[in-house]
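Chemist: In terms of this note's numbering, the sequence shown has 293 at position 293, counting the first letter as 1, and numbering is strictly consecutive.
Because the hints were derived from the structure by calculation, they are not lab data. Hints may contain errors.
Unchecked claim - Below are the BS3-like pairs computed for lysine-lysine, each with C-alpha atoms no more than 30 Å apart in a straight line:
id: 1; residue 1: Lys161; residue 2: Lys506
id: 2; residue 1: Lys380; residue 2: Lys271
id: 3; residue 1: Lys271; residue 2: Lys161
id: 4; residue 1: Lys506; residue 2: Lys28
id: 5; residue 1: Lys104; residue 2: Lys506
id: 6; residue 1: Lys154; residue 2: Lys369
id: 7; residue 1: Lys154; residue 2: Lys505
id: 8; residue 1: Lys161; residue 2: Lys505
id: 9; residue 1: Lys271; residue 2: Lys104
id: 10; residue 1: Lys28; residue 2: Lys271
id: 11; residue 1: Lys369; residue 2: Lys380
id: 12; residue 1: Lys28; residue 2: Lys369
id: 13; residue 1: Lys380; residue 2: Lys505
id: 14; residue 1: Lys271; residue 2: Lys154
id: 15; residue 1: Lys380; residue 2: Lys154
Claimed, not checked - Computed beta-carbon distance windows for the label pairs:
id: 16; residue 1: Thr95; residue 2: Leu18; range: 41 to 49 Å
id: 17; residue 1: Pro324; residue 2: Thr100; range: 28 to 36 Å
id: 18; residue 1: Pro160; residue 2: Gly544; range: 50 to 58 Å
Think of the CB as a built atom: it goes at the ideal place given N, C-alpha and C, for glycine as much as any other residue.
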Amino acid sequence: MSAEAEETPAAEEKASGLLGAVERIGNKVPHPVLMFAYLIVFVIVLSWGLSLAGVSITEQIAVPVDQAAPDYDYYEDTTQPGLTPGTPPYDEDWTIIEETIPIKSLLSGEGIRFIFSSFVSNFAGFGVVAVTFIAMMGAGVAEESGLLGSLIRKLVGSAPKWALTFILILVGVISSVASDAGYLILIPLAAAAFASVGRHPLAGLASGFAGVAAIFMVNISLTPTDAMITEIANESLALADGEPITIVANYYFMVVSSIVMALVAAVVTEKIVEPRLGPWVPDGAVAHAEEATTDEAADRRGSRFALIGFLIVLVIVALATFLPGAPLRDPETGDIIGNTPFMDSLLFIIMLAFLVSGVCYGVGARTMKGSGDVIAAITKTFAGLGGMVLMLLMIAQFIAYFNWTNLPRVIAGSLAELLEQADIGAIPLLIGFIVVIVVLDFIMPGALPKWAIFAPIFVPLFMRLGVAPQTLLAAYRVADSPVNALTPLMVYLPFIVTVAQRYVKKAGIGTVVALMLPYSGILLVVWVVMFIAWFALGIPLGPGYPPSVP
């Protein structure tokens, strides 16, 4: 009775207010499978009407040099560029072309053929499916063997309570260098870490999600995304006869933003999200991995075995990377960091490290007795993803049909044209640019396609206003990240909901949106203020890169 009494105020507080309303409404929307089916019907009708009206737009856009204008898959922000399958993962050379883009009707003969003929290929080419299964293969073995539980106990045991949230968020920010591993590994780990110390696991999930998605476009290290957007900026600079910039043009701003925004997100967790959730009382039907404890001697032995396994993987990867002419170096330049096989292999390397370490831990701790246990762990992990796969099937169709109609590009181009014609000063125009990118991020979450559309228009424009291209690029980083955690086109959203339901059976999309709304709003406001102050004070954005044109 006392436990119920303790839960009542928290439950009432959670159900009230704006966030409570968002959660209730969001959880009452149709099942995501049906929601995306309705959206597909809406896009079909809308494309038909706009095509009849002859809607189109002519714009300059950045494209890879050896390729016609690409069909973009407007996925979540990720280190992958978001092009359709078959395109090399990181194109180094880009060029600017002028192109007229009409709205294409899905009810035309061509559109109907596309709907019927592309259904299988849309799903087969939806890279997030393969990425999820590959990443979860290693994580599933590590979890079933008890390795993840051991790592979590060591993490929460060594980190001060006040620092746990910040550490998890900062690791999420840094994880963008390793493809999509942050979504698939860090977010479940953050939820489990909070649960292991009696804190609400949904607050941990939200913290990890904020670090991975809402602070995506900055990092302490340079990522492949930085190389791609820098090259697009340089092609746009050529239109204004400007000097090209390098990949470190925003480096100071990126490092400071990574740390400051991680701190802001940690404060949001501690002061807003976690108090709203209240104390966590585990559902009797929810079996948390921490309940299956391993005795200390077995854990120490398993940890030693896991460390040996990890070091073996590390040595193999080092031999394949650091030796002259090693296969994971760029075959032409010998580079390791940048657009290289090593960077393309990071997700596989991480999966391999978890898989081998998990097996070794299981052998050492005697939680796994043979290959059958390993296969059973992988099978169990894959079986738990069944509902998510169905949702991803419908999301893949919606994204493919939406992209085919050219609706995202026409909307983006129209907003860019309106902003370009605005007769206002540099700072108001920068703020307007940020607002437009934020709005577009709901329908075009991928970092690359928006920048390919906007850079050729705004880089020369801001150059004429005395604003350096690195400043516009920094503004784009600010705008592109915060609402990634809110858009329904964030393709890992079904996975996030699945993780939430491990701890709260009734959790849904509304639950996740209500959790992430404070992060998105507060991060955006603080980040914009920080950016404007940085620009006004004239602080260099990178080594040798002032915010204004000299």
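Chemist: Confirm or reject each hint.
Modeler: Cross-check of the supplied hints:
1. Lys161 x Lys506: Measuring from Cα to Cα gives roughly 28 Å; hence the hint holds.
2. Lys380 x Lys271: With Cα atoms ~37 Å apart, Lys380 and Lys271 exceed 30 Å; violated.
3. Lys271 x Lys161: 14 Å, holds
4. Lys506 x Lys28: 11 Å, holds
5. Lys104 x Lys506: Violated: Lys104 and Lys506 sit about 40 Å apart, past 30 Å.
6. Lys154 x Lys369: Judged against 30 Å, a Cα distance of about 24 Å means the pair holds.
7. Lys154 x Lys505: 28 Å, holds
8. Lys161 x Lys505: Holds, at about 27 Å.
9. Lys271 x Lys104: 48 Å, violated
10. Lys28 x Lys271: OK: Lys28 and Lys271 at ~27 Å, within 30 Å.
11. Lys369 x Lys380: OK: Lys369 and Lys380 at ~17 Å, within 30 Å.
12. Lys28 x Lys369: 45 Å, violated
13. Lys380 x Lys505: 19 Å, holds
14. Lys271 x Lys154: Roughly 25 Å between the alpha carbons, so the hint for Lys271 and Lys154 holds.
15. Lys380 x Lys154: Holds, at about 26 Å.
16. Thr95 x Leu18: 41 to 49 Å: Hint holds: Cβ distance 46 Å, inside 41 to 49 Å.
17. Pro324 x Thr100: 28 to 36 Å: Given a distance of about 49 Å, which is not inside 28 to 36 Å, the answer is violated.
18. Pro160 x Gly544: 50 to 58 Å: 38 Å, violated
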